[in-house]
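*Asks:* Each chain is listed here by its residues.
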Amino acid sequence: MQTSFLQDRARALAPSPALAARRSLLPVVVMAALVLLLQFAIGPRIGPYYAKMLMDIGINIMLAVSLNIVNGYTGQFSIGHAGFMAVGGYTAGFITYYGSLLIWGSTQPHGGFLGAGELLFAVSCLVGGLTAAGFGYIVGLPSLRLRGDYLALVTLGFGEIVRVFIQQTDDVLFTAEDVRATAPLALLTKVGGALGFTGLPFYTNLFWVWTFVAITILVAYRLKFSSHGRAFLSVREDEIAAEAMGIPTTAVKVRAFMIAAAFAGIAGALFAHEVGTTLNPKELGFQKSFEVVIMVVLGGMGSISGVVLAAVLITVLPELLRSVAEYRMVVYALALIVMMLARPQGLLGLHEAWELPWVRRLLRSLVRQEPKDG
Amino acid sequence: MAEALLRAERVSLSFGGLKAVSDFDLALQQGALDGLIGPNGAGKTTIFNLLTGVYKPDQGTIHLGDARIDGLAPHVIARTGLARTFQNIRLFGDLSVLDNVRIACHARTRSSTLSALLRTRAQQAEERAVEEQSHQLLEILGLDGRSTETARNLPYGAQRRLEIARALALAPQVLLLDEPAAGMNPAEKDELRGLIRQVRDRFDLTILLIEHDMGLVMGLCEQITVLDHGEVIARGTAAQVQDDPKVIEAYLGSQDEEER
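Residue numbers (my numbering), protein chains in the order written: chain V, 44 to 417; chain S, 3 to 262.
These are computed hints drawn from the structure, not numbers from a lab. Here the structure is a predicted model, which means the values were calculated and not measured. Idealized CB from N, CA, C, for every residue including glycine. Don't take each hint at face value.
[Claimed, not checked] Derived list of chain S stretches under chain V, where covered just means 3 residues or more per stretch with a C-beta under 8 Å from a C-beta of chain V:
1) 14 to 25
2) 41 to 52
3) 186 to 199
[Stated by the list, open to error] Chain S regions said to be covered by chain V (calculated; three or more residues, Cβ under 8 Å):
4) 66 to 72
5) 244 to 252
[Stated by the list, open to error] Distance windows between CB atoms, simulated:
6) V/Gln211 x S/Lys21: 38 to 44 Å
7) S/Glu133 x V/Thr321: 47 to 53 Å
8) S/Leu254 x V/Leu184: 37 to 43 Å
9) S/Pro247 x V/Ala55: 57 to 63 Å
10) S/Asp60 x V/Arg65: 37 to 43 Å
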């Protein structure tokens with residue numbers, strides 16, 4: 044059995060182009076339809092309060108699902124996710140704010156749905172994600188040598204360094220003339236300091252949040268259920284055995300860090316341009332990082348559906364408890380403690396919702412035949 | 003005689019002041035089924051760790067075919083064609099039996115991460131091939147009926163066989179088995195003996211195994227290397243090694259030496 048043999052079999056077993064295309068594109072089409080439905084049919088009917096909550100939920104899902112790639116798939120313990128979020132948020136905010144000021148002379152949203160302003164915003168999200176991925180590479184490198192608690196400390200330190208750096212920046216400039224008068228490098232420091240980066244155009248809407256949520260989930264899912272993703276999981280299970288089976292564990296860990304950081308960066312960009320949030324360093328400190336870690340642990344390390352569920356719960360729970368505002372954090376903490384005592388492996392453990400025995404039985408009784416995999 | 007497939011020359015390794023392995027030589031011929039034995043703490047597993055790159059030798063060279071492999075990272079050595087099992091089973095415990103084998107197939111896939119995210123046709127085809135070959139390997143090792151079970155939940159003997167299946171999924175030239183019969187009952191050992199021969203012939207493999215069960219080693223291995231205190235003390239066929247006074251001394255102790 045040689046390498047070529049596997050490739051020969053692959054050629055023989057290749058699915059028909061039509062089937063292959065369907066598998067590749069169908070989820071994309073379905074998700075695009077759902078996102079459009081959300082933006083144009085559901086969004087206008089539920090009002091701004093619930094729309095904002097849906098956006099918050101989406102951003103938290105992105106953060107939790109992406110952190111799950113590091114903490115859940117490869118078993119590394121990163122607690123600096125908000126740092127990547129801050130990098131992405133500030134990068135994107137810088138681009139849209141000063142970009143708008145220079146191009147249109149105003150920082151108000153420009154153009155309508157998919158107009159020039161939104162395209163600038165989309166580009167800024169991608170640049171924010173890429174910048175965060177670059178930082179992910181830098182933070183991922185120490186994971187070559189560090190394990191467990193030590194790595195956790197490095198990631199925590201990274202988040203704090205980002206926060207402190209941003210606190211030291213200067214006030215935001217308000218006019219295009221001031222911007223033109225400032226050297227490009229000096230302009231990089233005009234992002235608001237401890238008071239936050241205010242005045243960003245509110246481009247974030249249901250469409251953009253859920254488009255990126257869909258991409259995040261699709262990437263996490265396709266990664267997990269592919270040869271590459273299984274390589275990620277093997278690092279979590281046993282690094283020495285993974286190496287012995289030809290898995291380059293160092294490269295896998297760094298890649299996991301970069302992918303997770305990229306999506307956290309995009310989530311940060313969405314957060315920065317959302318109505319009712321302020322992009323300031325305090326908001327993106329270690330408390331935010333811990334919130335995301337809790338989502339991953341609560342949902343079940345490695346389980347995409349579990350982590351999505353946990354992200355929804357943790358976003359909605361404080362809102363539901365608003366009526367008992369003064370006891371909100373107490374109830375929230377108690378709920379978590381009870382949860383960790385009752386199900387330390389998280390809501391869904393290592394499995395996906397559709398892999399649970401009772402869900403399988405339910406599906407089978409509904410379909411009356413074996414669920415087809417694919 | 004043709005040049006050996008796996009060659010170690012004067013390999014030494016110390017941990018601080020302790021010489022774990024000194025001047026170890028090995029020549030494993032293509033198609034051989036050889037044994038490495040010795041009392042507890044003789045350095046057998048250390049030698050496996052040296053061959054597979056977990057430890058870097060202080061001195062000496064290791065070649066696999068034409069490639070020099072000492073000093074390379076373990077995953078590179080594994081991809082060069084040297085697979086192993088572990089004495090203290092190291093399966094991917096929380097994953098399914100099938101996934102354990104599929105992970106080892108990863109080294110032979112070519113699809114990039116991006117094509118996995120796009121689910122390209124070539125990537126889908128490769129996934130199918132990986133699954134097919136994994137099932138074939140599980141069938142050979144008598145595990146196909148348990149492919150969806152969690153590896154951790156398998157009985158002990160089945161876990162040992164799964165380790166072998168996983169190592170074979172790398173499509174190696176040389177297979178190193180570290181105490182494959184440990185913890186097995188006599189019936190399982192008999193079965194394992196047949197299995198190891200079958201696997202070697204079917205996959206055209208070269209096998210080196212560490213084993214404490216003398217019955218298994220003597221009945222299975224062609225050439226046997228005996229190790230004590232990190233040094234080779236004897237080499238030869240089962241019969242030759244068995245009668246070697248040095249070997250008897252290493253295992254039973256000489257008259258004027260108190261063991262432990």
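*Asks:* Of all the hints given earlier, name the ones this structure violates by number, lowest first.
*Replies:* 1, 2, 3, 4, 5, 6, 8 and 10
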